[in-house]
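Q: Generate coordinates for the entire structure from the input sequences, incorporating the hints supplied.
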Amino acid sequence: MSPLDDKQAAARAASGTGIRSDLKLIAEMVEPGSRVLDVGCGDGALLAFLSRQKGVDARGIELSMDGVHQCVAQGLSVIQGDAETDLKDYPPGAFDYVILSQTLQAMREPRTVLETMTRIGRRAIVSVPNFGYWRIRVQLLLTGRMPVTEKLGYQWWETPNIHFCTIRDFVVLAEEMGIRIERCMIVNGAGRVTGHAHSGLANLLGEQGVFLLRRD
Amino acid sequence: MPGHRVTLGVERPMRLDSGAELGPFEVAYQTYGALNADRSNAILICHALTGDHYVLDQHPVTGKPGWWEMLVGPGKPVDTDRYFVICSNVIGGCMGSTGPKETDPATGKPYGLGFPVITIGDMVRAQKLLVEHLGIDQLFCVIGGSMGGMQVLQWAVAYPESVFAAVPIATAARHSAQNIAFHEVGRQAIMADPDWAGGNYLLEGTRPHRGLAVARMAAHITYLSEPALHRKFGRNLQNRQTVTYGFDADFQVESYLRHQGITFVERFDANSYLYITRAMDYFDLAADYGGGTLSNAFRKDGKGTPVRFCLASFSSDWLFPTSESRAIVHALNAVAANVSFVEIRTDKGHDSFLLDEPEFHQVIRGFLDGCAEHRGLTRDSRP
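Protein chains in written order, with the working numbering: chain A, 1 to 216; chain B, 1001 to 1383.
Each statement offered as a hint is correct.
Using 27 Å as the maximum straight-line C-alpha spacing, the simulated BS3-like pairs for lysine-lysine come out as follows:
(1) B:LYS1303 - A:LYS88
(2) B:LYS1064 - B:LYS1076
(3) B:LYS1300 - A:LYS88
(4) B:LYS1101 - B:LYS1128
(5) B:LYS1128 - B:LYS1076
(6) A:LYS54 - B:LYS1303
(7) A:LYS24 - A:LYS54
(8) B:LYS1300 - B:LYS1128
(9) B:LYS1128 - B:LYS1303
Okay, the calculated bits of chain B under chain A, using three or more residues with CB under 8 Å as the criterion:
(10) 1328–1336
(11) 1363–1372
Computed Cβ-Cβ distance ranges for the label pairs, DEER-style:
(12) A:TYR154 - B:ALA1181: 42 to 50 Å
(13) A:TRP157 - B:ASP1356: 39 to 47 Å
(14) A:ARG52 - B:ALA1287: 38 to 46 Å
Hint data in this document are derived by calculation from the structure and do not stem from the laboratory.
Glycine included, every Cβ here is placed at the ideal spot set by N, Cα and C.
A: In structure tokens:
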């Protein structure tokens, strides 16, 4: 599962409205009929959606055994494995898209993971929570404690999110690595903020960013 | 005995990996369910070292139920209402297919050690002839555990166009040094029994029951796990209050193993045990097909294998540990193959693939359903 709140999954299941909103944004970026690897595919919601709605050759890799069981038991091609050790075997350009949703911040070596993703995928789609979101900034400023929000609901000592970044941080890293941001969507609870990753407003008002990446 | 038997290699003998030729030879097999009109719903089950083709039938020697009734049957994950299921006794075996205990037409006597050494590749070659004999161009799925899993891998590598999906369970792409070592212990136990008579026991009128039983006892330990043995037997004594200060079976676990050994010799041929364990020892897909690199074995004409894979391993299996399955997964990833891989949590060891493991069964069912959808097999594609 993504290291974000499980409540979202529960809400999704309860409402029966299909996939999580951030997954929907990702799905929009995927061309029909393409080859996709979803890294940290959880219970396979995005994979199932892509394969049924978009005729995508959808594969997944998931750390938790429960997630893998759920995926394979519904006929999805998913392997039990770790993004940080099990991605490197794939040949360059093996997929049209390699997707990492809300998980980069939980990686031990996010930079290496990004590098691998943009090697084995012609494109990568990465969504990251924005630690520069104004609510987070205000919490830290006013309370002097590590922010805990609805979406990032963990206390500092229990969080799997060990490498938080802001949208600006992400953009800087991508530039450093020679990764082009072909498209981006900055969103918050109220909807889409902007499509410009570089804007200061995006870094303040965006709760998360979804990036379509390609190595130059 | 229930089941069918066919003579193969009549027009020309089958060339074995050793260079020897075998033919004509018999293959005993069993089928369940019905083949559909376009012959696209056949599933081949590959049995393990001491298994046979009685997947669902009562065993003709032991009277026990079929060995994979948990997984195979009407409404089961391998659904015989939907699929045409085939299972054949491996060549070199002793349940009807040509093996060392059968009569060599050249001499009129049992083959004994005159039977050529066979490999996993040879077993699969014979299965391919059988499948062709049944008029099937492409199997929907090949599935098997342990040595059966080796055959599944062999099928996928040797005949990728003849396999739509492959399910290798609790297996490895090569037999490890430790596993070869265990097999050698078994073989030495058999050959150390004077009744083995240099392999000619059938002519001599003896049976190396003691040696074969010891071989089975040693092997049986490797199929279980320490926690499972402990849970089942602990240090409990067998029908006694205290130890006897002798070498009788004081402990329940000893009694259990002796029973396993004694019942095994009733149904299995000692020379077959030698031949089949040898076949497993020789198995090394990377060496035989990949120039030493396993991923190359799954590549043909510069392209990755078209076969869809589902691998399963069991967390407490130390004979074919998860690392072996993971090595196969990594090799398949390297050619961007379509692969699913699940490690099942259980403390029942290697034998788990034969037991009631609901998670495992759900995975197999889901994978086959998904494949059936991709293959265009509809629910009512029955003839």
